Amino acid sequence: ASLSLFLVPIEKYRAAECFPPPLPLHHNTRHLSRCSPPRIVAMFGSKIGAGKGEKKLTPYLKAVKSTLTAAVCLRNFPSQVVERHNKPAVETQWARELLLAPVVIAKNDKEAVKIEGSINALRISIKIKQMDTMEGILVNRFASFLEMRAEDFVILRRKAMEGYDISFLITHHHTETMWRDKLVDFVVKFIQEINSEISDLRLNVNSRGRKVAEHFFLQFIKKKK
Amino acid sequence: PPSRPVLFHPVPPPYSFIRLLLLLSATMAKIETKMEDLEPVIDRCSQLMQGGDYSGALRHAIEHPISSKDAKVKEAAAKNICAAMAGVGAIVKFIENAEETEHDTLMKYTFKGMDIYRNENKGKNCAKFLKWHDELVKKCGLGVIMRAMVDKKC
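Each protein sequence line maps, in turn, to chains A and B. All residue numbers for the first sequence refer to the numbering used here, where the first residue is -5 and numbers rise by one. All residue numbers for the second sequence refer to the numbering used here, where the first residue is 766 and numbers rise by one.
Extracted from the complex, chain A is given alone in its bound form:
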């Protein structure tokens, strides 16, 4: 998963197709400034003839994407309990009226995403597919590697929630500075790619183990000769 999704230069989107000529708009255009360029292209895509770029999502990821798009509506809401403090309501859980009902989207018993929303923050916990103990250890190590560098990651939570492997915390600060749909796209891509990364790591471990065992037993074979 790369952070370069956020760092795409704006020049890439200054092509003419992102700023269409006045068309009969049936969408509410007041919120166009809040839309990222890909969303504008998606809105007018059928009229401009923009081609399909992305891979088709599985139903699980489609559900995750649509739920995240709905839940990432965040606004600033300073703490009602402590003066001059601004805390993510989903973390403090001090006021029930500021919290949404937590929602779990599960593909099977091994893969799930828990989405806890609130007025000013959103917590996403991901349970990554682990087929055996080896993958469990790898996921653990990978997750702790990322969590140690959570400050550079910006939206990552330093500790995953119970029952899950990795957690994100998106606050209104993030939605104010970054594109909302890109944040959602990032999380979905993360879930997509982490499975392939874990299987790559596992293959590496297996091949390394095989080589080490080969080398180790070579010494016995030579002595016999």
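Simulated from the structure, these hints should not be mistaken for lab results. All of these numbers come straight from a predicted model, not from anything done at the bench. Check each hint, because a few of them may be wrong.
[Stated by the list, open to error] Pairwise CB distance ranges (calculated):
(1) 804/B with 197/A: 20 to 26 Å
(2) 79/A with 906/B: 34 to 40 Å
(3) 183/A with 896/B: 20 to 26 Å
[Stated by the list, open to error] Derived EDC-like pairs: lysine to aspartate or glutamate, alpha-carbon spacing no greater than 20 Å straight-line:
(4) 889/B with 146/A
(5) 183/A with 146/A
(6) 56/A with 880/B
(7) 108/A with 899/B
(8) 799/B with 103/A
We treat Cβ as the ideally placed atom computed from N, Cα and C, and that holds for glycine.
Place chain B on chain A using the hints.
Chain B in isolation, oriented as in the chain A frame:
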């Protein structure tokens, strides 16, 4: 100041009477579903499901959505409705025939269903609930998800 709380404006315009009555009735009648009200619904639904009529059972269960703070009531209702949802074959048709308020209820129980069936039978039924989610969003848009997440008494 008057000794009793005054409810009426000195020169009341005609519509505010109705508004005040509605407000009073809403605050006084706290609709809370109890286990006794839920049991006949569950019995009828299990009868229909044994007969194989899952969409009929689901329709019956959704007609009166529960509103309760009690976890047991919520769990029982969720088990009932999710069992019916897991059995329904023609999802698109059912959604087309349902009304808008029923769409919201269906979405709430889609999420609950995924949570319940996650641990049963290695989560094979979750695919059904993902289909429900997909079809509901196709029909109603993203608002239905938001309304499902907002309701905590369900």
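List, from low to high, the hint numbers that the structure doesn't satisfy. The structure conflicts with hints 1, 4 and 8, although it agrees with all the remaining ones.
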